[in-house]
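Visitor: Residue numbers (UniProt numbering), protein chains in the order written: chain R, 1 to 203; chain B, 1 to 323; chain S, 1 to 537.
No lab work stands behind these hints: they were computed from the structure. Be aware that a few hints might be false.
To be verified - Under the rule of at most 35 Å between Cα atoms (straight-line distance), these lysine-lysine pairs were calculated in the DSBU-like manner:
| id | chain 1 | residue 1 | chain 2 | residue 2 |
| --- | --- | --- | --- | --- |
| 1 | B | LYS305 | B | LYS107 |
| 2 | B | LYS47 | S | LYS335 |
| 3 | B | LYS47 | S | LYS487 |
| 4 | S | LYS14 | S | LYS487 |
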Amino acid sequence: MADAAPSRQRDTTLMGMYLFLASEIMLFGGLFAVALALRLLHPQEVAAASRRLHYGIGAANTVVLLTSSLAVALAVAAAEMGKVKGTVVSLLAAAGLGLGFLALKAVEYGMEIREQLLPAFTPAEAFESPPAHLFMDLYLVATALHAVHVTVGVVLLAGLAWRVHRRSLALPRGAAGVEVVGLYWHLVDVIWVFLYPILYLVR
Amino acid sequence: MNRLLTFWGGQASHHAHQVDTLFLGLAALAVLLSAPVFILIPWFAVKYRRGKPADRTHAADRSVWLEVSWAAIPFLATLAFYVWSTRLYIDLYQPPAEALAINAVGKQWMWKFQHPGGQAEINELHVPAGRPVEVTLASQDVIHSLFVPALRLKQDVVPGRYTRLWFTADTPGSYALVCAQFCGADHAVMGGRLVVQTPADYARWLEGMGTDGSLAAQGAVLFRTRGCSGCHGSAGTVHAPPLEGLYGRPVPLADGSVVTADDQYLRDSILLPQAQVAAGYPAIMPTFQNVLGEEDVLKLVAYIKSLANAPPPPRDRDDGGPP
Amino acid sequence: MTEVSYLEHGHSLKSWLLTTDHKRIAILYFLSITFFFFVGGAAAALIRIDLLTPEADLMSNEGYNRAFTLHGVIMVWFFLIPSIPNTFGNFLVPLMIGARDLAFPRLNLLSWYIYMLGGLFTLAVLVLGGVDTGWTFYTPLSSMFANGNVILAATAIFVVGFSSILTGLNFIVTVHRLRCPGMTWGRLPLFVWSIYATSLILVLATPVLSITLVLIAAERLFGVGVFNPALGGDPLLYQHLFWFYSHPAVYIMVLPALGVISELVTAAARKPVFGYRFVAGSSIAIAIIGFLVWGHHMFVAGQSMYASAVFSFLSLAVAVPSGIKVYNWTATLYKGHIALDPPFLFAMSFIGLFVVGGMTGLILAMLAVDVHVHDTYFVIAHFHYIMVGGTVSAYFGALHYWWPKMMGRWLPLVWGRLSAIFIFLGFNLTFFPQFILGYLGMPRRYHVYPAEFQTLHVLSSAGASVLGLAYLLPFTYLLYSLRHGEKAPPNPWGATGLEWTVPSPPPQHNFHELPTVDGPPYQYPVEPDAERETAHG
Chain R
1 MADAAPSRQR
11 DTTLMGMYLF
21 LASEIMLFGG
31 LFAVALALRL
41 LHPQEVAAAS
51 RRLHYGIGAA
61 NTVVLLTSSL
71 AVALAVAAAE
81 MGKVKGTVVS
91 LLAAAGLGLG
101 FLALKAVEYG
111 MEIREQLLPA
121 FTPAEAFESP
131 PAHLFMDLYL
141 VATALHAVHV
151 TVGVVLLAGL
161 AWRVHRRSLA
171 LPRGAAGVEV
181 VGLYWHLVDV
191 IWVFLYPILY
201 LVR
Chain B
1 MNRLLTFWGG
11 QASHHAHQVD
21 TLFLGLAALA
31 VLLSAPVFIL
41 IPWFAVKYRR
51 GKPADRTHAA
61 DRSVWLEVSW
71 AAIPFLATLA
81 FYVWSTRLYI
91 DLYQPPAEAL
101 AINAVGKQWM
111 WKFQHPGGQA
121 EINELHVPAG
131 RPVEVTLASQ
141 DVIHSLFVPA
151 LRLKQDVVPG
161 RYTRLWFTAD
171 TPGSYALVCA
181 QFCGADHAVM
191 GGRLVVQTPA
201 DYARWLEGMG
211 TDGSLAAQGA
221 VLFRTRGCSG
231 CHGSAGTVHA
241 PPLEGLYGRP
251 VPLADGSVVT
261 ADDQYLRDSI
271 LLPQAQVAAG
281 YPAIMPTFQN
291 VLGEEDVLKL
301 VAYIKSLANA
311 PPPPRDRDDG
321 GPP
Chain S
1 MTEVSYLEHG
11 HSLKSWLLTT
21 DHKRIAILYF
31 LSITFFFFVG
41 GAAAALIRID
51 LLTPEADLMS
61 NEGYNRAFTL
71 HGVIMVWFFL
81 IPSIPNTFGN
91 FLVPLMIGAR
101 DLAFPRLNLL
111 SWYIYMLGGL
121 FTLAVLVLGG
131 VDTGWTFYTP
141 LSSMFANGNV
151 ILAATAIFVV
161 GFSSILTGLN
171 FIVTVHRLRC
181 PGMTWGRLPL
191 FVWSIYATSL
201 ILVLATPVLS
211 ITLVLIAAER
221 LFGVGVFNPA
231 LGGDPLLYQH
241 LFWFYSHPAV
251 YIMVLPALGV
261 ISELVTAAAR
271 KPVFGYRFVA
281 GSSIAIAIIG
291 FLVWGHHMFV
301 AGQSMYASAV
311 FSFLSLAVAV
321 PSGIKVYNWT
331 ATLYKGHIAL
341 DPPFLFAMSF
351 IGLFVVGGMT
361 GLILAMLAVD
371 VHVHDTYFVI
381 AHFHYIMVGG
391 TVSAYFGALH
401 YWWPKMMGRW
411 LPLVWGRLSA
421 IFIFLGFNLT
431 FFPQFILGYL
441 GMPRRYHVYP
451 AEFQTLHVLS
461 SAGASVLGLA
471 YLLPFTYLLY
481 SLRHGEKAPP
491 NPWGATGLEW
501 TVPSPPPQHN
511 FHELPTVDGP
521 PYQYPVEPDA
531 ERETAHG
């Protein structure tokens with residue numbers, strides 16, 4: 001029973017993370033409910049507004065995030081086997097891809113500001129129709145909230161890589177820590193996988 | 001404070017009687033269901049007081065049958081009341097066709113009413129006794145709620161949509177009419193009275209009120225002065241849908257769906273013209289949101305309603321619009 | 001007993017502010033919640049004084065609107081929601097399930113700091129002039145018209161929401177993972193069941209409120225208009241989102257109280273609870289059905305009549321599990337050995353007031369009646385019977401019952417009985433007249449009212465002054481008992497449950513050796529350590 005304690009600890013931590021993720025799903029669930037309501041109220045204008053988004057960048061970002069999720073999965077596997085270098089490299093790759101996502105998102109925001117699409121940077125009159133304005137409001141709130149989550153994730157991943165590298169998180173004993181952050185990162189990814197079709201592909 | 005607020009209470013309609021009966025029935029049910037608890041707990045507390053000798057043998061720890069029955073029986077009893085109350089409620093959504101149509105606009109912090117003949121009043125609503133009245137409610141700003149305690153009725157007034165409230169007041173008299181939904185600083189004084197009059201008195205009152213013509217006629221004036229006629233009129237130079245014969249008919253939209261041209265559709269078409277564009281027409285109509293208040297829009301709706309059975313006018317040019 | 005109690009283990013401020021001991025965090029919550037209870041109570045006092053006369057003589061319209069908004073915000077989010085879970089839940093859950101602490105002790109401390117941060121924001125709102133939207137923040141009033149500190153207030157509630165989520169998460173994981181050997185689900189104390197059910201709601205409903213508040217703040221800051229009808233948004237969407245959280249939130253407030261009463265009634269009757277499975281299961285049923293009834297706040301809001309009919313039906317269904325609990329408590333008392341100690345008196349008044357609140361809730365769920373009494377004092381009276389008559393009575397019952405355990409001191413039983421009786425009388429005098437006011441048509445949130453309502457309002461205000469004094473009473477004699485009270489034995493009431501097997505106050509790590517449970521809960525009778533004045537009181 002000597003190693004029962006760490007595995008018990010691991011299960012406890014994971015369970016806590018799962019519950020936190022459940023509450024995160026409810027948080028974005030509220031936004032999805034708003035998106036559904038908008039779509040039902042103004043199907044046409046929402047579709048028209050959605051057509052003006054850069055779905056190519058969104059698709060690229062989907063690929064970037066999915067790849068980073070793969071990297072995180074590899075990091076967890078490496079951590080469980082006690083491979084420090086593999087873990088650090090995979091974590092840094094995932095964090096780097098996360099930064100790539102944010103960079104692409106910033107480029108996209110920039111383009112939308114120039115095209116007078118992004119609320120808070122665009123006068124209300126510039127929108128095609130009030131519902132288009134509403135849709136872009138929702139787009140901004142949802143993607144910004146998601147970007148905040150990505151930023152937090154990048155910081156967590158990089159911090160984890162640093163701690164593993166410095167051996168302040170010993171492997172494979174500390175693999176649960178990698179697993180917990182990995183779970184969070186997967187959720188950030190999954191939320192994007194829902195946001196992308198809801199925002200970009202409802203045309 | 002507003003002296004008019006003092007006209008409260010009373011039963012001004014058959015519906016009010018029915019609600020009171022329902023309420024008394026429910027109160028009796030509540031007493032019946034809670035009586036075991038209110039009687040038994042003090043009785044047990046005395047009878048089985050600690051240290052007091054009493055027969056305490058065969059005290060059960062559970063009894064599924066007992067528990068299921070005290071879950072199910074009260075529930076079934078409430079279901080009977082559910083059917084009763086839901087029927088009364090559904091009636092509130094089925095106004096008779098011949099109801100007198102009155103418009104109400106709530107704004108911080110007053111009520112404005114418009115009668116079909118064009119008579120307008122503030123914080124007072126005159127209605128004839130014995131005749132169904134259907135009030136169409138619109139809000140200029142925040143959510144209000146038109147509440148007449150004597151009718152046992154209220155309806156929230158939500159900006160952006162028309163809500164409705166209908167009633168038949170039986171007893172002539174003066175009753176409180178208030179705002180029930182918190183609407184800002186002077187919420188508590190946003191009220192006045194509902195004056196129920198005999199039909200003859202009501203007719204006299206209508207005559208005594210000055211008016212600039214019926215609601216529809218006032219709408220027609222707005223139609224010309226606010227520039228609507230420039231596009232929608234017979235001399236219109238722009239390709240815009242004709243409004244004659246529109247009300248109550250199905251309208252095909254640009255996105256392929258079909259809506260009925262009801263009050264809400266007409267209102268939205270004036271204030272949010274880009275939302276539901278009629279098929280075959282360019283989406284060029286500007287919004288009148290900052291130009292027209294809800295009262296004006298209601299007048300325009302009344303005007304368009306009055307054209308429901310008018311023949312489509314000959315156009316100056318054939319613009320190839322849909323039939 | 002050589003072990004040092006949790007209270008003796010370090011006396012510095014730092015040892016309190018950086019503690020990860022669930023019992024000390026419970027005390028921190030107790031102190032901060034008590035503070036907010038009196039701030040919210042002060043607002044209530046202003047309201048009741050103002051309503052003594054039909055005119056606006058104490059406060060202006062704006063002042064009154066700010067007072068009731070503050071009263072609602074503070075009482076809901078800073079007192080009722082955290083009250084029983086964060087104090088007694090924190091203190092008792094680990095003790096009751098035979099654990100040394102919660103699953104995440106540091107997260108627990110973080111939750112308290114987040115709560116305090118939210119509290120500071122609320123106090124900032126108060127200092128900067130208040131907020132005037134009502135605690136419901138209905139749009140478009142809150143988003144476009146109100147001129148109070150809406151964003152700051154929304155931030156405060158947003159922040160305190162994270163405290164709720166993290167606390168709920170902590171409890172769920174603790175109950176799943178840290179039960180001592182033999183403590184199966186079927187042996188959990190009913191209080192733990194109710195905290196577990198509450199935590200499910202905390203974790204799943206609170207984030208919906210968070211995102212809704214984000215949208216309101218974004219609407220005020222950037223003109224993001226999903227609730228703005230002028231842009232084609234929908235104010236009813238706000239109400240749906242708000243009540244999707246706030247109706248379950250009602251159960252967050254009352255479920256822990258139901259759990260407390262199950263403990264108090266069995267201990268008072270010295271008898272196993274009647275129908276453990278039904279009482280435990282009804283907590284979970286309430287938590288689940290509670291998510292499906294939010295639309296009953298919107299019967300006159302303009303939602304479709306079919307939706308209203310469904311919500312009305314579901315609201316009747318959610319009353320069933322509450323009814324089971326009340327009838328089961330009654331059956332528990334049958335052939336018991338009932339002592340009229342303060343905790344039981346509070347429990348009795350809870351049951352009485354909760355039944356009145358529940359029955360009027362049933363009446364409110366009836367569509368045709370709700371159309372008349374919605375947004376009147378009838379609703380105010382109804383939810384105060386549940387939340388104040390119910391939850392606050394249970395809170396005081398819990399305080400009296402577990403006080404000897406928490407502080408290691410006896411409390412004066414006579415004073416305890418007196419305050420239970422005064423609170424019951426004061427409460428009924430305050431709120432029963434409001435049922436009548438409501439049915440007569442007195443709308444809520446009015447600072448002026450027609451003169452004929454004055455008698456009832458004066459009665460209500462008179463009751464409120466009795467109630468206010470009665471609420472102060474326990475704090476005086478409880479403080480007194482801290483210094484002068486007799487030392488309490490481990491099990492003063494002769495109750496079952498692991499918390500009574502450890503010394504009073506418990507040692508820092510609760511159990512010297514983790515206990516093992518080998519039987520169902522509530523195996524009465526248990527011999528008390530000392531039969532005090534209960535025998536002849």
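Visitor: Take the hints in turn and mark each one as holding or not.
Guide: Hints and how they fare:
Restraint check for LYS305(B) and LYS107(B): the C-alpha separation of about 24 Å stays at or below 35 Å, so the hint holds. A distance of roughly 8 Å separates the Cα atoms of LYS47(B) and LYS335(S); the hinted pair therefore holds under the 35 Å criterion. At most 35 Å may separate the alpha-carbon atoms for a hinted pair to count; LYS47(B) and LYS487(S) meet this at roughly 32 Å. Annotation: proposed proximity of LYS14(S) to LYS487(S) holds, straight-line Cα distance about 27 Å (limit 35 Å).
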